[in-house]
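**Q** Protein chains in written order, with the working numbering: chain A, 3 to 304; chain B, 49 to 333; chain C, 159 to 411.
Hints are not guaranteed to be accurate.
List of simulated lysine-lysine pairs, DSBU-like, C-alpha gap at most 35 angstroms [stated by the list, open to error]:
no., chain 1, residue 1, chain 2, residue 2
1, B, 324, A, 125
2, A, 73, A, 125
3, C, 295, B, 324
These are calculated hints, taken from the structure and not from any lab test.
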Amino acid sequence: MIAPIVALAIAALVPLVVRNEYYLQILTQAYVFAISACGLNVILGLAGQLSLAHSAFFGIGAYAVALLATKAGVPFWFGLPAGVLLCSAAGYVIGSICLRSRGHYFAIFTLAVGIIIHLVIQKWESLTHGHIGVIGIPGPGPLGPLTFDSSVARSYLALFFLALTVAATARLMRSPIGRTLMAVRESEALAGAVGLDVMAAKRMAFTISVALAGLAGGLFAGFIGFLGPESANVEMTFNTLLYVMVGGMGSLSGPVAGTFIVYGLSQVLAVLQHYQMVIFGLALVLLIRFMPSGLAGAWRSR
Amino acid sequence: MELFAQQVLNGLVTGSVYSLVALGLTLIYGTMHVPNFAHGQLFMLGAYLAYSATRAGLHYWAALVVAVAGVAVIGVALERLVFRPLRHAPHLNSMIAALGIMLFLEAMAQNIWGEEFRHINSPYGGVVSLFGLLVTSHRLVLLAAAAALMGALLFFLTRTVAGSAIRATAQNPEGALLVGIDTSRVAMVTFAISAALAAFAGVLIAPISLVYPSMGVMITLKAFVIVVLGGMGSVPGALIGGYLLAIAESLGGTYLSATYQDLVAFAVLALIFTFKPTGLFREAV
Amino acid sequence: MTLLETRGLSKSFGGLRAVDGVDFSVTAGSLTGIIGPNGAGKTTLFNLISRALPATSGQIVFDGRDVTRLQSHQVARRGMGRTFQATTLFADATTLENVLVGYRQRTTSGLFDAMVRSGRLAREEREAEAAARESLKSADLAQVADRPAKSLTQEQQKRLAMAVALVSRPKMLLLDEPFAGINANQSRGLIALIESIAATGITILLIEHQMQVVMQLCRRIMVLDYGKKIAEGTPQEIRTDPAVLDAYLGGHA
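If we strip away everything but chain A, and leave its shape as in the complex, we get (with noise of 0.2 angstroms):
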């Protein structure tokens, strides 16, 4: 408990000393893109189940909060938990068909819905502009006294929301629910033998890991301005999933760890830009080979 704690004190101090604007916009994207990771960790690590479509929702909040500015005036602070909510909804009923399928079965099936809903947002040009996109999103406005203009309030910004992120999600794991989706990761048969609704209990991880990415993608939207649909596609899943993977899936501050590394390194190292993917697909293999449970993991074992 020591350690996030610490983290966040530390976290908190940086953009009092980081003055950099290029600097503070990665470690606010490294903010968003970790409570997506926190998102997919749920679903994953915790409950076991490998869901391809997770970016996809990324997408939908995003798209959410841009179009809900740029075509009704809906401002940010409303837009977000509009996306939110949504998110929840169609991860409620998506899960509910998806989740009957198990384990491979799963994961293809996920992986073609999230294909389709990419598909779709880059298809449907009269809602979305297709390729070209949304621009012209307006950021968080103020909310009493606080404005969210600078670099520095929007860092913080979502520094709140991810520590929020982070909250909610030891709560759940040291809840009760934390030790169904652990019975259900480990044993439907068993975890439905002792009396636990295996499906219910999937099905809420995977509305709890879609309304994450959600916010995640609203949040994304409202601080770079513009959006295309490559905010929804596959590879992002898969960046998140190797951010998820380095950490330690199932811990709680893997996820968090695991985006910073992982994305902090893509950005700062300009050279790691080429051979990214290369690096990424690579790691991905070695990790799940030779340290599956990722850095947690290896924490744990010292």
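Once you've looked at the hints, dock chains B and C against the given chain A.
**A** For chains B and C alone, coordinates are given in the frame of chain A:
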């Protein structure tokens, strides 16, 4: 009517490629129970290796042999180095490993050959008239070559000892071990064949469509649709399913909507899984 | 009073009839055994009763209610606990956590409670821990409470599996070959444990291969062969039933 027939013919051509790729995927799934998400990358690498071989002066068919052999070796390497060590780990791990390989191979191809679309010339130029329809000579050769390869594969699986060993392992891995089948060898050979099929398909289609790094992802997804349609591990299922999907896409793209043509495959898959969470058939070879 | 009743219960896998028209009933508070040669369908019958498998035809009535179409967690919540032939536990979780999961069906806190750390959650967590530790004490597992379940000995794991099934205070307990892989010494302890559980009023239905154990423990025994019930009665009746002898000795193992 002529448009319809033309589209069906197009579907048959594309279907030949889909079926070969799906056959490779279903063989792997049948014997090793791993959904190889990286399968399409082997298809892509086949095309790229043939491209480089033709650029080095080799004739198309010689390039095909080189490409198929090269990719088969890569397939065996993947099996030995990644999938075999993970065979006792949770299935989740193999899936993640496959995803990693997929990302790695696609990015490698991009780095080696660049992002631009590449082209392979077919030795079969010209157009032929077939029952009143116009079809390029290469497409005809493709149809014939694919059919020949499928025939050879079926012969291998049903009439040779090695092929029967593969089928036995797919049906019952423990039983196969008990009767003395070297399941480790079977896994290796199956992967080699699967990779070879994918590469062959890639080289066949390359002169028609172009060669580019992301050509693998799409074909993998469509192969999964076909395998789910036909039954994971079912050879006839992959064969028929490939042609069916391609024809459906072709007709759908022409008569329904060209924009959403790619969606057909995934919509079909989503529809199947919605009503039958475990696919259309139980696993069988 | 009849606690469990099956009527014409059948299960087919393709052409194979694993369970074939089984009619039998279990009286509340009894200790009943199911025996039969290998492949007779005993575990499949358990899977049908606990709803781990859907029946092809027939009916299952548990505690006065038709449960044939219910899901396994629903029938578990109606008071049916079970163990599995291959000892099944949440391997990477601790011994205590395993039992806590077994207790979950007796709690009501939900996602909201978890998020706000409500009073209800805190109270139920205290109750759960108390009940779990009590259960571990009875199962003589208190000293390994914080060890991962996979690190326990085979025999400890069996006791844990039973503790997990019992902590929810089921009306009926299905035990699938609890004596498999148990030596004579441990056997005595396990017999005593099962009898003490029965003494608390829990109805026990037991699949077992070891004849002496079954004859000693059970007041009533049902015999399955090729999915069909071929005999039912007291140990004495079963011991001398010609159909039973034939099934075990004649024709197949």
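**Q** Now tell me if each hint is right for this structure.
**A** Hints, verified against the model:
no.	hint	result
1	B:324 <-> A:125	28 angstroms, holds
2	A:73 <-> A:125	18 angstroms, holds
3	C:295 <-> B:324	46 angstroms, violated
Of the numbered hints listed earlier, the single one contradicted by the structure is hint 3.
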